[in-house]
Amino acid sequence: MQKLIVALCLSGAAAYVAPVAPSAGSKLAASKDEVVALAEANPDFLGKAIGFWDPLGALDTNFWGLGNEGTIGYLRHAEIKHGRIAMAGFLGFCAQSLPAVAGEHAVLPYRGFVPDVTPQEQWDNIPLYGKLQILVIVGMLESYGEILDPHYTKGGLPGYYPPIKGKRPELIFNLYDPFGFFEQDSAEKKARGRLAEVNNGRLAMIGLFSLLAESAVPGSVPFLDQFDFPQYAGNVMVPFEGQFTLL
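Plus 5 on top of the position in the sequence shown (first one is 1) and you've got our numbering.
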């Protein structure tokens with residue numbers, strides 16, 4: 006199992022590409038024609054083999070009166086955010102399956118901790134107050150990320166998260182690129198980084214669902230059924246079913 010976790014972590018490690026602030030030369034690929042051109046210029050396998058793929062006609066829709074261009078901006082931003090969450094979830098699943106995290110602890114990480122259980126069961130065992138704290142922090146970050154000028158539905162850069170450093174005394178680093186490694190990157194390098202982030206996010210979404218599927222239905226992912234993969238009998242789509250104890 007440990008060999009599997011190491012292999013999965015190495016395969017997903019390259020998935021983290023820090024988002025960058027919008028530059029003067031960057032703009033929203035707002036029209037459908039621009040999105041088609043962006044998809045066909047993608048150098049990955051899907052871009053070369055399939056190009057533009059929109060079987061549901063999502064780029065022709067109008068969400069909540071945003072207009073077609075605003076809807077395209079919304080969908081692009083949503084995909085980037087889902088990709089980032091999937092990258093974090095994939096590596097988190099791998100880390101939480103390691104004995105160093107799932108095993109015995111001299112000091113319990115939270116009340117009700119049970120060693121040697123699956124990542125999903127680790128979440129189930131967290132008291133409700135702990136889960137609510139996590140959700141409140143995520144909600145605060147999410148709402149702060151909507152304070153954009155221009156907004157991603159009105160010509161802003163999809164996936165951009167505003168700087169958070171200095172907004173509070175305890176926030177001494179930005180959420181992304183805390184050490185300023187990418188500040189001096191050229192516009193071309195930033196564009197490649199954004200494209201890599203989208204591609205790695207798509208791969209991470211597939212990877213995370215493969216882990217959850219194999220945990221729920223042994224043998225559903227042929228590559229993973231050869232390992233001693235952690236099994237989970239609960240329902241990941243019902244995140245509060247396992248623990249309603251407040252403390």
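Do not rely on the hints blindly, as some may be mistaken.
Straight-line Cα separation of at most 25 Å, DMTMM-like style, residue types lysine to aspartate or glutamate; simulated pairs [claimed, not checked]: (1) K86 to D233; (2) K136 to E193; (3) K159 to D230; (4) K172 to E193; (5) K136 to E147; (6) K159 to E74; (7) K86 to E109; (8) K195 to E147; (9) K194 to D38; (10) K37 to E188; (11) K37 to E109; (12) K195 to E126; (13) K195 to D65; (14) K194 to D233.
These aren't lab readings, by the way, just hints derived from the structure by calculation.
Since we're looking at a predicted model, the values are computed, not measured.
Q) Is K172 close enough to E193, meaning Cα to Cα at most 25 Å? A) Since the Cα atoms of K172 and E193 sit roughly 30 Å apart, the hinted pair is violated (cutoff 25 Å).
Q) Between K159 and D230, is the straight-line Cα distance small enough, at 25 Å or below? A) Roughly 46 Å separates the two Cα atoms, so the pair is violated.
Q) CA of K195 to CA of E126, is that 25 Å or under? A) Cα-Cα ~39 Å, so violated.
(Q) What's the verdict on K86 and E109, does the C-alpha distance respect the 25 Å limit or exceed it? (A) violated (34 Å)
Q: With a cut-off of 25 Å on the C-alpha distance, tell me whether K86 and D233 pass.
A: Given that 25 Å is the threshold and the Cα spacing comes to 31 Å, the pair is violated.
Q.
Need the status of pair K195, E147: alpha-carbon distance at most 25 Å?
A. Distance of about 23 Å is within 25 Å: holds.
Q.
Check whether the Cα positions of K159 and E74 lie no farther apart than 25 Å.
A. holds (8 Å)
**Q.** Pair hint K194 and D233, alpha-carbon separation not exceeding 25 Å
**A.** Given that 25 Å is the threshold and the Cα spacing comes to 41 Å, the pair is violated.
Q) Is the hinted pair K136 and E193 satisfied, with a Cα-Cα distance of at most 25 Å? A) The given pair, whose Cα atoms are some 41 Å apart, is violated under the 25 Å limit.
Q.
What's the verdict on K195 and D65, does the C-alpha distance respect the 25 Å limit or exceed it?
A. violated (28 Å)
Q) Is K37 within 25 Å of E188, Cα to Cα? A) Not OK: K37 and E188 at ~30 Å, beyond 25 Å, violated.
Q.
Given the hinted pair K37 and E109, is their Cα-Cα distance within 25 Å?
A. Distance ~53 Å between K37 and E109 Cα, so the pair is violated.
When held up to the earlier numbered hints, the structure conflicts with 1, 2, 3, 4, 7, 10, 11, 12, 13 and 14 and fits the remainder.
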